[in-house]
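A.B. asks: Residues per chain are reported as follows:
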Amino acid sequence: NAGVMQNPRHLVRRRGQEARLRCSPMKGHSHVYWYRQLPEEGLKFMVYLQKENIIDESGMPKERFSAEFPKEGPSILRIQQVVRGDSAAYFCASSPSQGARTEAFFGQGTRLTVV
Amino acid sequence: SQQGEEDPQALSIQEGENATMNCSYKTSINNLQWYRQNSGRGLVHLILIRSNEREKHSGRLRVTLDTSKKSSSLLITASRAADTASYFCATDGTAGNKLTFGGGTRVLVKP
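Just so you know, the protein sequences line up as chains A and B, in that order. Here the first sequence is numbered in the working numbering, starting from 1 and rising by one per residue. Here the second sequence is numbered in the working numbering, starting from 1 and rising by one per residue.
Just so you know, these hints were derived from the structure itself, not from any lab. Among the hints, erroneous ones may be present.
Claimed, not checked - Derived pair list, reagent style DSS-like, types lysine-lysine, alpha-carbon separation capped at 30 Å:
1. B:LYS69 to B:LYS26
2. A:LYS71 to B:LYS26
3. A:LYS27 to B:LYS56
Claimed, not checked - Some chain A residues near chain B, calculated using beta-carbon distances under 10 Å:
4. TYR33
5. GLU41
6. TYR48
Think of the CB as a built atom: it goes at the ideal place given N, C-alpha and C, for glycine as much as any other residue.
So that you can see chain A by itself, here it is in the shape it has in the complex:
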């Protein structure tokens, strides 16, 4: 049973380009969370999704950021028109049940660098 798979591991984008980050949850997990981590800091919650539904997007910036978790395929975090401040590590986590009642399993992250 593979763990949470994120790709790419490293992504370099020029300012103004789009960044697409993918996350495949563990088999049998239908709950996905995205977090952002700046160097030497903790993880900041961005969005919580279930299949085809956004449950909580209170941590998502209002503009340029979007997330989806389609019925088939991985969850996608999309950042349009990236700026230098978007440079960070983006982590995806999945869990088998609702919210944060149980352990969350994290991927290895995607490190986005905007140049």
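Since the structure of chain A is already known, use the hints to place chain B on it.
C.D. replies: What follows is chain B alone, placed relative to chain A:
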């Protein structure tokens, strides 16, 4: 400020010593979890303690929870160089929709 603040921010100890770090939070919780992150890697779940539990053990880890003080501690006994990592506490909040992480404690275990 954040839900889940770790103290100290950094800790340096010798191999074999114990490492203790604390976490304070602000709102009511259903559970509190501790995670470890090695440099440049994802987070690994260590232990989950529910709000009606006061203490929990897992191998060399001991976690306590004091809901009246809204605080938790993580003790690593007989530390090893491989324990060098950042340790984060995370709380779920009563809505339970998401984990909220603190800023972490960076632990360096010197051989």
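A.B. asks: Now tell me if each hint is right for this structure.
C.D. replies: Each hint, compared with the structure:
no., hint, result
1, B:LYS69 to B:LYS26, "holds, 9 Å"
2, A:LYS71 to B:LYS26, "violated, 36 Å"
3, A:LYS27 to B:LYS56, "holds, 29 Å"
4, TYR33, "holds, 6 Å"
5, GLU41, "holds, 6 Å"
6, TYR48, "holds, 5 Å"
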